[in-house]
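Asks: Chains as they are written, first to last, in the working numbering: chain A, 1 to 540; chain B, 1001 to 1158.
Honestly, the hints are just simulated from the structure, not real lab data.
Check each hint, because a few of them may be wrong.
What the hints assert, rightly or not - Covered stretches of chain B, going by a simulated chain A footprint (3 or more residues, C-beta under 8 Å):
#1 1027-1038
#2 1074-1083
#3 1130-1139
Claimed, not checked - Distance condition first, Cα-Cα at most 30 Å in a straight line; then the derived DSBU-like pairs of lysine-lysine:
#4 K456(A) - K1117(B)
#5 K316(A) - K1059(B)
#6 K1059(B) - K386(A)
#7 K297(A) - K263(A)
#8 K23(A) - K183(A)
#9 K316(A) - K255(A)
#10 K1019(B) - K252(A)
#11 K272(A) - K1019(B)
#12 K297(A) - K465(A)
Please read these numbers as outputs of a predicted model, since none were measured by experiment.
Virtual Cβ for every residue (Gly too), placed ideally from N, Cα, C.
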Amino acid sequence: MKAVRSMILVSNDPESIVRGSEKIFTAFQQELQHYGLTDEVSLSMVSDLGYSFASPLVLIYPEAVVYGPINPTDVPFIVEEHLYKGRIVEEKRAPAHELSGRVAWLSARKGTLPAENRVVLKNVGLIDPESIDDYIAHDGYQALGIAVQKTPDEVISIIKESGLQGRGGAGFPTGIKWGYVNKTYGDKKYVVCNADESEPGTFKDRVVLEGDPHAIIEAMLIAAFAVGADEGYIYIRGEYQLAIDRVETAIKQAKEYGLLGEKIFDSNLSFKLHVHAGAGAYICGEETALIESIEGKRGEPRSRPPYPTTNGLWGKPTLVNNVETLANIPAIIRNGADWYRTLGTPSSPGTKVYTVLGNVNVTGLIEVPMGITLREVVSIYAKGMKTGSFKLAQTGGSSGSIIPASLQDTPMDFESFKKAGVSLGSGALLICDDEVCIVDLAKVLLNFFRVESCGKCTPCRIGTKRAYDLLIDISQGRGTLENLEELLTLNQEMLELSNCGLGQTAGVPLRDMLNYFRAEVEAHIRLGVCPTGVCPMGIS
Amino acid sequence: MPSDTMNEETIFGVREIVKRIGATRADLIPVLQAITNEIGFISPTAMEELSTLMNLPTKEINSVATFYRMLSTQPRGRHVVQFCESAPCHVVGGREVFAALKQALALEPGQTSPDNKWTFLTTSCLGVCGIGPVMLIDTDMYGNVTPEQVNQILGRYE
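Here chain A stands alone, though its shape is the one from the complex (with noise of 0.2 Å):
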């Protein structure tokens, strides 16, 4: 790499897209140009930097100042005065009350911010996502060549003391996994990796593949190597298309340099790898689903045993992770098991990145260890809450949890939240406060599940939409109290006969809702009002 004196990181996620980095990254480029000193400077588009709401934003090293929102016509400006003239504009600087995410970390090495522990998002922001050599100049690829000195069998077994456990939200125990992989007998196996990222409010995998995609090439590579697979797939939500750009991008780059292709390292490891464009299905997320898209039939879920483990993609045995899952492996490789369960709970050891939406004053990404509490997202990420008071959390996307207040102190770990009865989900918090309706949430997430439910079982179609329809009812004054022990017996009968995850989760905000709501929902009823004024109620 050529050394440059100062580093100018343009964020380029779609949010900074939408407004204008394009042009303020042309605009760089010329004024650089006037002022000499594209030798001296490097300038370059980096994906989300984690702080949306300043977007688009340009970050500038060494300093790391943060400059946000801005304006094409600030960029003379700032390059007079910053580069040129060595003195910070402070007046365009991103103001500092809202910082979260990078700045807060680099901050948190002075001892000054609450830290974020980035793991999974420890390049994202930071390299070119296009340049393989800037990956590799951070630490990139090193844990695949550690790993093809060890065996398959010691690789899994660092994986299983490290207590990974899949994020895509069931949080089963990755080294297991992989194990169950390795030890099933096979002339051929995949290693898939799930970037159909579909929960409503998540997009922590958006932004690993757009800001660091050999960190998932990587991670696939030691995954294929432990489990003996030689071919593998990146399923991605076909909305997705920059990161289908970065990681074909990617791919292409990594087989210039041998890191795909035959004889890796000149081990034993040979890997083919395919980027497969999703065509807008949330069923695809499901592992069977995804495996039946692939093969391009309907995205139906299997039913299950046997497990993709034993009977995958084209009947092979396959190991599924999802992308937030993957990109923890290279680390846990390189630093060690030890180094990765100093990091969240005994129970669910290392980080979690979370997308923090809603009624709150920053949204956005942040990567925290695991077992921080909702009340410190709130309070110390999301700086408080935007507007009136916090009434519930939704985790996860639609198959998530409704959380009340009364929970806000429960540490967000697998276990925690399995015991207070509720799900940590896919890692969005979907913050609301007071003035929104539960019967009218409820109704939103309930109608996700019915536009997205596949169709292929009965309990999951009819009873999605039979409880939507209920909802409405409730919400245009027309429910009664039958109503709601109908919801229950629907959620129960989803979670009991429901062929997959969909409709055994589908019913999860309606016994949230009556767990944690009750009083509301009964006023929809007994009282025929609306008690935050949402609902259209009186409708006959």
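Let chain A serve as the given structure and place chain B on it in line with the hints.
Replies: For chain B alone, coordinates are given in the frame of chain A:
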């Protein structure tokens, strides 16, 4: 009723796409996606041609084509407006934007305007929830949309 030349163009287009992408079962979804993007929609003619080229029953192709949201078996308007109806957009003002959008387009979700300019669809989460409410017109994403902006945004499209 499509004219013969339209059918010929479709058949030619489908053949080119299959030549480029492939004719195995695993190629079916990428092929259908390319047909939607490049030809506009997957017509009965396109399905029949695919059935011959890929050696699959049309019923099987139809069942896949109608399963995925990004594949279309119906002609769409010149511009496709997709509004996110998932919870994160809903709680930050999505309801009001949705109402404004319906009024401005004078369409219900799923409909295409008589002048063939607009097709209005609702969609599940688009994964840019940090800037909700979000809507997508063709491939242009609009975030932090307010009801007042709706007419102005729509006005950008011919």
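Asks: Could you run down the list of hints and mark each one as holding or not?
Replies: Status of each hint after checking the structure:
no. : hint               : in the structure
1   : 1027-1038          : holds (count 6)
2   : 1074-1083          : violated (count 0)
3   : 1130-1139          : holds (count 4)
4   : K456(A) - K1117(B) : 35 Å, violated
5   : K316(A) - K1059(B) : 27 Å, holds
6   : K1059(B) - K386(A) : 52 Å, violated
7   : K297(A) - K263(A)  : 33 Å, violated
8   : K23(A) - K183(A)   : 53 Å, violated
9   : K316(A) - K255(A)  : 25 Å, holds
10  : K1019(B) - K252(A) : 22 Å, holds
11  : K272(A) - K1019(B) : 23 Å, holds
12  : K297(A) - K465(A)  : 25 Å, holds
In summary, the structure is inconsistent with hints 2, 4, 6, 7, 8 from the numbered list given earlier, while agreeing with the others.
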